[in-house]
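Build the full structure now, drawing on both the sequences and the hints.
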Amino acid sequence: MLHVIPNRYQQNLVVDNQFHDTTLVSSYAWAINWILAGNRFTRAGGIRVFTHRGDPAWYLQLLGNEIDVGNGYRGPVNAQPPGDSCLTVCSRQGRCQVIRRNVLHNNARIELGWNPRDTLIEHNVICDADVGIDAGNAPGTVLWGNRFERVKEPLRNVSATAFMQPADRLLGELSAEGSLPGGSEAIGKFEFGNEHFLNPYCWRNWPCVRLS
1058 MLHVIPNRYQ QNLVVDNQFH DTTLVSSYAW AINWILAGNR FTRAGGIRVF THRGDPAWYL
1118 QLLGNEIDVG NGYRGPVNAQ PPGDSCLTVC SRQGRCQVIR RNVLHNNARI ELGWNPRDTL
1178 IEHNVICDAD VGIDAGNAPG TVLWGNRFER VKEPLRNVSA TAFMQPADRL LGELSAEGSL
1238 PGGSEAIGKF EFGNEHFLNP YCWRNWPCVR LS
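Using my numbering, read the sequence shown as starting at 1058 and increasing by one per residue.
Hints were generated in silico from the structure; no laboratory data involved. Mixed in with the good hints, there may be bad ones.
[Unchecked claim] Pairwise CB distance ranges (calculated):
no., residue 1, residue 2, range
1, Pro1196, Gln1075, 32 to 40 Å
2, Tyr1116, Thr1218, 19 to 27 Å
3, Arg1149, Gln1067, 18 to 26 Å
4, Arg1207, Gly1095, 21 to 29 Å
5, Leu1177, Gln1068, 13 to 21 Å
Even for Gly, the Cβ is constructed at its ideal location relative to N, Cα and C.
This is the structure:
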């Protein structure tokens, strides 16, 4: 396991690294205003934003990371048999994290634990997994524009206070394995008016969404 323990807990960058055959890249104790971007993981546990009770995890951004093989010889917390790899925020004092444009393959997921608040999870792609996003019933979570392919349970533990566009919620339900005879590929394009969009987000006309 790689614990990132710099001599400063603020304004740190973990950018454009390749990790393989390891358990986890993790913050530990305080973490404020970090960017973890462009990292690639193979047979590794992923990234875990972790703080102890009362320690802050504020304004962290997980941007454009990729987990291409989500199973390793141990799980993200060094467990055997290994669990799924993940990008996770596990902090009671977590505030305002951004998890954006990450690509997760082969038994990898996004997770929130211990009720971090006001997390933005947007435009991530998750493929070939049992669970896509486990929002941990965390308050104030924003889920926007995430895409799922061959995921049994795209969304889990989404709080009643989470913010989602109706099209996002519909896409998550239809992407679940077994919900359509042809799987997620059968969803096709979303059609708004006279135009076709590959992305299913239309802020004004969402009641008119129909599948083609």
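Do the hints match the structure? See the list:
1. Pro1196 / Gln1075: 32 to 40 Å: Given a distance of about 35 Å, which is inside 32 to 40 Å, the answer is holds.
2. Tyr1116 / Thr1218: 19 to 27 Å: The hint (19 to 27 Å, Cβ to Cβ) holds, given that Tyr1116 and Thr1218 are roughly 20 Å apart.
3. Arg1149 / Gln1067: 18 to 26 Å: holds (19 Å)
4. Arg1207 / Gly1095: 21 to 29 Å: Cβ of Arg1207 to Cβ of Gly1095: about 25 Å, so the range 21 to 29 Å holds.
5. Leu1177 / Gln1068: 13 to 21 Å: holds (20 Å)
This entry satisfies every hint, going by the numbered hints stated previously.
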